[in-house]
Amino acid sequence: GQNIDQPTEMTATEGAIVQINCTYQTSGFNGLFWYQQHAGEAPTFLSYNVLDGLEEKGRFSSFLSRSKGYSYLLLKELQMKDSASYLCAVRGYNQGGKLIFGQGTELSVKP
Amino acid sequence: KAGVTQTPRYLIKTRGQQVTLSCSPISGHRSVSWYQQTPGQGLQFLFEYFSETQRNKGNFPGRFSGRQFSNSRSEMNVSTLELGDSALYLCASTHEAGANVLTFGAGSRLTVL
Chain V
1 GQNIDQPTEM TATEGAIVQI NCTYQTSGFN GLFWYQQHAG EAPTFLSYNV LDGLEEKGRF
61 SSFLSRSKGY SYLLLKELQM KDSASYLCAV RGYNQGGKLI FGQGTELSVK P
Chain U
1 KAGVTQTPRY LIKTRGQQVT LSCSPISGHR SVSWYQQTPG QGLQFLFEYF SETQRNKGNF
61 PGRFSGRQFS NSRSEMNVST LELGDSALYL CASTHEAGAN VLTFGAGSRL TVL
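Same order as they appear, the protein sequences are chains V and U. Here the first sequence is numbered in this note's numbering, starting from 1 and rising by one per residue. Here the second sequence is numbered in this note's numbering, starting from 1 and rising by one per residue.
A couple of the hints might just be wrong.
What the hints assert, rightly or not - To list a few chain U residues with every Cβ distance to chain V over 10 angstroms, as calculated:
#1 THR7
#2 LYS13
#3 GLU52
#4 ARG55
#5 PHE60
#6 ASN100
#7 LEU113
As the list claims (entries may be wrong) - Reference excerpt, derived from the structure (chain V facing chain U, CB under 7 angstroms, subset only):
#8 ALA42
#9 PRO43
#10 TYR93
#11 GLY96
#12 GLY97
#13 LYS98
#14 PHE101
#15 GLN103
I should point out that these hints are in silico values taken from the structure, not numbers from a laboratory. Positions of the beta carbon are idealized from the N, C-alpha and C atoms, including for glycine.
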């Protein structure tokens, strides 16, 4: 089967750094995605990892360890607009547009 | 470049009715996927269409169906609506190259009374 776990809620302070963890179990693996979703809006793509290691993109970085079934999203220099739900999703082999999503982590950034 | 367009954005139906939702992918994208999002279950995969053929299917009952047209536009239909079908229905398209990143539309919010 397939299972994705991430914390339900997190709170952080403006200007700080926050790490959102994601663990997964899948029968096959062909990439891990992070999406951001503001309330009432569509999910927007943040990052993609298919090989082990760190991918950095501005204030956002994502890490993957395939052997551990583990990923994290690192957000630096937090801003109030970063308050949103962060979704971890995994694609299996030959699954095209089929992603298995975690429940999402609701991040609240406080002043 | 226009994004993924979904219509209607909001709709209200009663139990037993049926509904059809439409999705126009980004120009040049041939893969369209549909997801259901609810507070309790999160984002769940319904089905994916590529070149007018269903390529993948999630674990939803047969009341949920879809199709794709030659211009890659897609529709999904839900028949005999139940209260539990109330949800945000999201459509996403991909370019089928590189990371195959899904780009989502704004969604159609269905309320079943």
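A quick look at each hint next to the structure:
1. THR7: Answer for THR7(U): holds, closest chain V Cβ roughly 14 angstroms.
2. LYS13: Holds, because the least Cβ-Cβ distance between LYS13(U) and chain V comes to about 20 angstroms, which exceeds 10 angstroms.
3. GLU52: holds (14 angstroms)
4. ARG55: Per Cβ check, ARG55(U) is inside 10 angstroms of chain V; nearest 6 angstroms; violated.
5. PHE60: holds (13 angstroms)
6. ASN100: Given a closest Cβ separation of 7 angstroms, the condition is violated.
7. LEU113: Given a closest Cβ separation of 21 angstroms, the condition holds.
8. ALA42: This interface hint holds because 4 angstroms falls under the 7 angstroms limit.
9. PRO43: Since chain U brings a Cβ to about 5 angstroms from PRO43(V), closer than 7 angstroms, the hint holds.
10. TYR93: Hint on TYR93(V): violated, closest Cβ of chain U at ~12 angstroms, above 7 angstroms.
11. GLY96: With Cβ-Cβ at 6 angstroms, under 7 angstroms, it holds.
12. GLY97: holds (3 angstroms)
13. LYS98: Given a least distance of 4 angstroms, the restraint on LYS98(V) holds.
14. PHE101: Since the shortest Cβ distance to chain U is 4 angstroms, the answer is holds.
15. GLN103: With a minimum Cβ separation of about 4 angstroms from chain U (threshold 7 angstroms), the hint on GLN103(V) holds.
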